[in-house]
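Those protein sequences? They're chains F, C and A, same order as listed.
Each residue of the first sequence is one higher than the one before, counting from 1 in the working numbering.
Each residue of the second sequence is one higher than the one before, counting from 1 in the working numbering.
Each residue of the third sequence is one higher than the one before, counting from 1 in the working numbering.
Check before you lean on any hint, since a few could be wrong.
Said to hold, decoys possible - Restraint-style ranges between C-beta atoms, simulated for each label pair:
1) C:VAL2 - F:GLU9: 24 to 30 Å
2) A:PRO55 - C:VAL2: 22 to 28 Å
3) C:GLU170 - A:GLN714: 41 to 47 Å
4) A:ASN497 - F:GLU3: 46 to 52 Å
5) C:GLY241 - A:SER377: 47 to 53 Å
Stated by the list, open to error - Derived, one-sided and incomplete: chain F residues facing chain A with beta-carbon distance under 8 Å:
6) ILE13
7) GLY39
8) ILE105
9) LEU131
Keep in mind the hints are simulated off the structure, nothing from the lab.
Beta carbons are placed, not taken as given, at the ideal position from N, Cα and C, and that holds for glycine.
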Amino acid sequence: MIEFTLNGEAVSIETDPLRRLLDVLREDFELKGPKEGCGEGECGACAVLLDGKLVNSCLVPIGAIAKREITTIEGYRHTRRHAVLAESFSEEGAVQCGICTPGMIMAAEALLSEHPEPTAEQIKEGLSGNLCRCTGYNMIVRAVARAAEKGKGLW
Amino acid sequence: MVNAYRPASFAEALRIRQERRVIPFAGGTDLMVKHRRHSGLAPQFDHPILLLGHLQELRTIDSAENELVIGASTTLADLARHSETPEALRQAIAEIASPALRNVATLTGNICNASPAGDTLPALYCLNASLVLVCSGGERQMNIDEFILGPGQTVLRADELVRAVVIPRESFDLTHYRKVGTRRANALAKLSFLGLASSEGEVIRDLRVAFGAVAPTVVRAKELEREYAGCRKKDLEQHRGALVDAYAKLIVPIDDQRSTAHYRKAICLRLLEQFLAEITRDGA
Amino acid sequence: MNLSHSVPRVDAIEKSEATTQYIADMEFAGMLYARTLRADRPRAKILTIDIPPLPAGYYIIDHNDVPGKNRIKMLIYDWPFFAEDVVNHVGEPILLVVGPDRDELETLLSRIVVHYADSAPILSIEEARRGSLPPIYGEDNCFAKYEIVKGDPEGAFAGAARIVESEHRTGYQEHVYIEPQGFVGLVEKGNKITVYGSMQCPYYVKNALIEGLGCAPEKVRVVQTTTGGAFGGKEEYPSLIAGHVAFAALKTGRPVQLLFDRSEDIAATTKRHPSVFRYRTALDAEGCIRGMDVEIDLDGGAYAGLSSVVLQRAIFAATGIYRVDNLRVSGRVLATNTVPTGAFRGFGAPQAFFAIEMHMERIAGELGLDPLEFKMSHALKQGDETSTGGYIWQAVKLPEMVEQLERMSGYTRKRAEIKQRGNAGNLPLRGIGLSLFFHGCGFTGNAEQAIIKGRATLSKLPGEKVEILVSSAEMGQGCQTTLRKIVAHALDIPLDNVIYANPDTDRVPDSGPTVASRTVMVVGRLLERAAAEMKSRWDTEETFSVTTAYRQPEWVKWDQDTLKGDAYPTYSWGANVVEVEIDPLTLETDIRGAWGVYDVGVPIDERIVLGQIEGGMVQGLGYATIEVMNMKQGHILQNSLTDYIIPTVKDVPPIESSLVANPYEDGPFGAKGAGELPLVGAAPALAAAVQHALGLPVADIPVTPEYLLRLLEQTSLK
């Protein structure tokens, strides 16, 4: 029995401890926000927060999650921070096909938690593990900068 | 069939390690990629994994007077943030993978994976890092260049676990690290170079050089370094060509999907020349 | 209100909240999983296949389970859904294993043994040309060959004062849509097959299924799910996957899901055509181009797919934006035992514009002329004849665009500065390069009129709502927003009143595939016309529908047999500058800045067009630099995202762009195509910059540090 906190709720699951966190989230908990883009920790589309830190859920076995805290986009999208990010992403054109977006937003949250007033370099570093093929990235960087500005005091 | 153990303590982890064949799993980022199967499937390991990443007693960084002791489950991110982390190691970590990976991957894992392209390895070799290996019978401490035997091979015994990595605290006047990756972020190394040097006036007190990703293990030639420790900068400049030629024999890269042997070797030697020139010019 | 003024994309918030459902997010009751067994060698006869005993509830689906034609409907019927007695490329699908447990599927798959008799594979354009091995296709391994001739090229060369030659090569490119390919197929009431999936062309898929199933059109339904990136990679290949799940659903009676693993996707799905272009240009004593001779070879991989059309576009783009009165352009697309190549943003134009622009740089270099001046002195103007004897009917804004580009990038000033400063010691080698390009909008030739015959429907619903019924697929390019804007603007109703669901072939007419930069220009135009008619009837009827059908503009004259006339009704134009710094030690290229000025007629939404510009530019820069894909014995060496490298956020330069207005009379509100254009000019501008930095001709892409080292060493040897 693996017990952990998922989006603020205590949950438990009886399953093969080697199963990827990504699959457990998507299949057992029906949280489709984290996506599989590569399965090898390269694209960041599966990114979630583990004890507040950004991790690629395709590389974490569920057995390692015992007693820890997971936040997915589903546990984040009701927050004011998310609203500011979503608005900023929309205003800057940072969303096209949308498949990288949940992971990007989790990465942005992790970044802004550590650097509430990030420089452009820090934003890029924070997003460096999230691949996007549609936007060319600059609009995403501008969106995060805009969110930091609009959301002063939130992070 | 148990396929994963989650010990409550390092002592329990050791006990399990004595009793059965298990695969130590700290961050596990290399292991999860190596053993991955098709999308949606759990990875497949030949033996049960021994989860270690959660053990707080291993997630430590202790700075004593003359050494830094890094617990086996300390993540690369935590190590990068720590004020006592040597500059060369900090620079190497900054260019590993991505933030999400560095939040999970460990220094110990990078060492035990023993990839020829392991990014922390050139720094650890140059800094004379050693590993504390523990089993029920006792402890031993071993220098990293004896610990790693070849690609994917270390001397870690089936009943041993790494408890910590120990790095002597030293300072250098010149730290020159360069990783040439396939792109600007989140890239595997085509080659890497680390040069460390200290001088007193015209005399070179300490000179250390290592190359990564261009041989089965890190290329470091302590005999060559010893030859030039204590010599004058003028002498180093005169013998620069010979020194570069000596290293050229030790650098034996391959052609692969990332780069060519020819390019890797040529750039390594250029970086070495640049470093040596820097020492003798204004450098240390 | 100005139509071009940006509005919030209609799907941005839901994508940020992750409520959008992609195919992998959909669950169907009783769904089974499918895995594909693929050929592991490039060319072989299948002798026998040993299949282990299957547990209850597990099935094998192979060519025997194809009720209709085991060929995917493209232009030539050579591409099988499942291999029959031969395999022609690594990764070719042989059969599916289908069942309820994925671990069990993996086990079954690993136990299947295929016994092959290997044949010598044809692994490169050169080997295909040599013709020493039995052909894969036809007599000469040629899926298609064409030649266009204009004027008197022989005469031009005979009378030339000087002839300049150069050869250029481009490599593979993989789309790397972040959402891997996937489909679900199921049988619904009345034995109707429905497929859901990530795709660009619902009707291509439907038509392929009709032939594969051998059934009536009413028995097939195709529903596009929001597509997580495509770039042309989901134009042809989805027909194959849809067939697979359809046959599986039929045989098992259950919904069947087939999702590709990333490595599988890289190994097995279509790629951009590698190319070789050989140029010869005849110049007169004044340094003016009198004639050009171009030979093109494309690598089509194992099956034809859309290669003949890619070749056509490459041929029509081969003389670039230049007026060349005497020319011969001939091209072939050759079959090799490698992964079939197919559509990818630009569709032959990125290859051609790389080649022609580098050739023009070469000529300018040999003549000692400034490349920009040389290029502009040969640029097409309104009224000029195109390479196929058609006309540039609309205004060409290149001079204005170049002027803007100069102001933005400082191109000429920097070129002079860099030349003056020279390159000393260990300082980075600076270079700046420029490219001029166009993209023929819409389908090549007369396909729009002769084959696609697109239709669009608008339905007025109660409550003053209007529904768009078209087969255009949202894949990130923003058509969910832009097509709504066109209709809302034409009807003068709020954007929120316009409904546009993902296309379902049961509900929408065939407005054609989402390709060729035609969605806004052609489908949008159909909607604009429908809206105009709807507006005239708005007050008189509460609910009604209007359907419009494609009409080719009367001035367009095209002969598909001789390839003469207007290959495209209009062109979008672009000018790019890229500035680089090359590390003299490692020869890594740092892209310091990229600038672009574009004429897309009129932007339906400025921010959406900007998104296409920046995304296309970055994809083109990746194509030019780090996106390396090599084959070894027909196996792709870079078959994971660790090894096939696309740009990260840290790899992209600051990008500055602007648009020049040039309304097109047959585009909705003056709009032309914008989706592919921005990728086309990036690689030549980058290569020209590197060439400038090194003072050495760069002939091929990708421009890797390894390539530059070879170039420099070869030069110092001479």
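Outcome of the hint check:
1. C:VAL2 - F:GLU9: 24 to 30 Å: Since VAL2 (chain C) and GLU9 (chain F) have Cβ atoms about 28 Å apart, the given range 24 to 30 Å holds.
2. A:PRO55 - C:VAL2: 22 to 28 Å: holds, 25 Å
3. C:GLU170 - A:GLN714: 41 to 47 Å: The hinted range 41 to 47 Å holds for GLU170 (chain C) and GLN714 (chain A), with Cβ atoms some 44 Å apart.
4. A:ASN497 - F:GLU3: 46 to 52 Å: For ASN497 (chain A) and GLU3 (chain F) the Cβ distance comes to about 49 Å; the hint holds.
5. C:GLY241 - A:SER377: 47 to 53 Å: With a Cβ separation near 51 Å, GLY241 (chain C) and SER377 (chain A) satisfy 47 to 53 Å, so the hint holds.
6. ILE13: This hint is violated: ILE13 (chain F) lies away from chain A, its Cβ roughly 18 Å from the closest one there, beyond 8 Å.
7. GLY39: Holds, because the Cβ-Cβ distance from GLY39 (chain F) to chain A comes to roughly 6 Å (cut-off 8 Å).
8. ILE105: Interface hint status for ILE105 (chain F): holds (6 Å vs cutoff 8 Å).
9. LEU131: Holds, about 6 Å.
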